[in-house]
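Visitor: This is what each chain is made of:
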Amino acid sequence: MQLIAWIPFAGPLNSMQSIWYVLLVPLTFGIAVAYKAMRVSSLENYWRQVLLMTTQVTVGIVALGILLILFVKYLVPIL
Amino acid sequence: MSQSKSTQSSLRPGAAVLAWILPGLGHVAIGQTRRGFLMMFGILFLFFGGLLIGGIDVVDMKQDRLWFIAQACNGPVAFIADYFNQSMLKTADLATQARMTSLGNINSTGTLYIALGGLMNLILILDAFGGPDRGSEHRRRRESD
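Chains A and B are the protein sequences, given in the same order.
Be aware that the first sequence starts at 1, since it is given in the working numbering, and climbs by one per residue.
Be aware that the second sequence starts at 1, since it is given in the working numbering, and climbs by one per residue.
Any given hint might turn out to be false.
[Said to hold, decoys possible] Residues on chain A that point at chain B, a partial pick, calculated with CB under 7 Å:
| id | residue |
| --- | --- |
| 1 | A10 |
| 2 | L23 |
| 3 | A34 |
| 4 | A37 |
| 5 | L43 |
Simulated from the structure, these hints should not be mistaken for lab results.
As the structure is a computational prediction, the values presented were derived from the model and not from experiment.
Where a beta carbon is used, it is the ideal one built from N, C-alpha and C, also for glycine.
Kindly generate the complete structure, drawing on both the sequences and the hints.
Guide: Here you go:
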């Protein structure tokens, strides 16, 4: 019912509220598409480079998130 | 000597203005057509992705001024989105405002998409303004082949 009331590009996509972290992947993809279009010297392996950068940034942010959880949950109580 | 002189990039203020008006258009104008369209796809993907996630409420010149400075680098499209937000959403009745206003993580994510798209476009504007002339590099490579 909530989805029927949704107007694309005008109203918020509230159905993603609980899984907002999934939206990190298209965000890094968009940044990689624009950045690699400027950065690579040849466009021959462009999409491979985009995929690589998307993966690297996503994995990097997830790793930082895990490190932060470990720090807050386990290291801070010890200190 | 003449070759090293030709590899130097000259400043292109017209291309920078075009790059702000529509992301990627500056590169298209200086002959880097494919790069320009890929940049356009990337920036507009982030902009419309942000609107799709957070709705029109995520572009707000009055309430989120600092975020809007970054979002404004997307070009006139950000000002058009803000115009629709101020003239349609902010003047609507309370029930509509409550339904159309994004909250929490969805608001943050939508705002972030458009702001990062704007900052990315700022880099592309600077590249269109004074970046290397990649088109002529390709031409030279082809000629030498």
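Visitor: Next step is simple, just say for each hint if it's right about the structure.
Guide: We went through each hint and held it up to the structure:
no.	hint	result
1	A10	holds, 5 Å
2	L23	holds, 5 Å
3	A34	holds, 3 Å
4	A37	holds, 4 Å
5	L43	holds, 6 Å
Consistency with the previously given hints is maintained throughout, with no hint failing.
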